[in-house]
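So the protein sequences, as listed, match chains X and B. For the first sequence, the positions run 1 to 113 when our numbering is used. For the second sequence, the positions run 1 to 114 when our numbering is used.
Note that these hints are calculated values from the structure, not bench results. Backbone N, C-alpha and C define an ideal beta-carbon position, used for all residues, glycine too. Don't take every hint at face value.
Here are the in silico distance ranges between beta carbons for each label pair [to be verified]:
{"hint": "1", "chain 1": "B", "residue 1": "Asn-61", "chain 2": "X", "residue 2": "Asn-99", "range": "40 to 50 Å"}
{"hint": "2", "chain 1": "B", "residue 1": "Ser-70", "chain 2": "X", "residue 2": "Thr-15", "range": "42 to 52 Å"}
{"hint": "3", "chain 1": "B", "residue 1": "Ser-70", "chain 2": "X", "residue 2": "Gly-63", "range": "36 to 46 Å"}
Chain X regions said to be covered by chain B (calculated; three or more residues, Cβ under 8 Å) [unchecked claim]:
{"hint": "4", "segment": "20-29"}
{"hint": "5", "segment": "103-110"}
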Amino acid sequence: NAGVTQTPKFRVLKTGQSMTLLCAQDMNHEYMYWYRQDPGMGLRLIHYSVGEGTTAKGEVPDGYNVSRLKKQNFLLGLESAAPSQTSVYFCASTPRGGNTEAFFGQGTRLTVV
Amino acid sequence: AQSVTQLGSHVSVSEGALVLLRCNYSSSVPPYLFWYVQYPNQGLQLLLKYTSAATLVKGINGFEAEFKKSETSFHLTKPSAHMSDAAEYFCAVSENTGRRALTFGSGTRLQVQP
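With the rest of the complex left out, here is chain X (with noise of 0.2 Å):
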């Protein structure tokens, strides 16, 4: 049972470039969420889905998009990357019912210059 996986794991990229962060989670949970990690900051909310089809924004969205066209799968793009989104970003997930924790991947580390 892989539980959350993130590709790629590190990741440089040029200010301008674009790229797409994958997650992906085979427990059939319902809700799925991207977070970024900077220093003294804790982990901060950037856009999460509650079901197949439908996203909405967190407390940091700007410069990011993501979709979920399928359910096991939530996807974090970066249009035009920019060196303040040089940070650790993890994927989580959660199923709908009861009070279970979220399942966190192993996260991206992602470096912009």
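Please build the complex by placing chain B on the supplied structure of chain X, with the hints as guidance.
Frame of chain X, contents of chain B only:
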């Protein structure tokens, strides 16, 4: 709106000493509360969670936390630190309805001295 405050960005203890990591939260509804641990270059792993059952919650690796509504606190403790406990610890509060996203504290890095 929910928020989490973790007092102390760095905590250092000696091996065998008590570990106490502080977490205070703010929530307008009964919260779900979590402690996650992050080892270097890894993702977040759940240590324990409070979801309105017992106020004293036991987790993995000998950690426990007590939910105190009157103090809006959820401090993490371990009676005897081990070298392998060195990591970053995050307290988080969850909305138990709606988007159910986590709001995290800024984290506490625990160092364990031999």
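Here is how each hint holds up against the structure:
1. B:Asn-61 to X:Asn-99: 40 to 50 Å: violated, 21 Å
2. B:Ser-70 to X:Thr-15: 42 to 52 Å: Check passed, 50 Å falls within 42 to 52 Å.
3. B:Ser-70 to X:Gly-63: 36 to 46 Å: Distance hint for Ser-70 of chain B, Gly-63 of chain X holds at roughly 41 Å.
4. 20-29: violated (count 0)
5. 103-110: Holds, because 4 residues of the segment 103-110 of chain X bring their Cβ atoms closer than 8 Å to Cβ atoms of chain B.
Checked against the numbered hints above, the structure violates hints 1 and 4; every other hint is satisfied.
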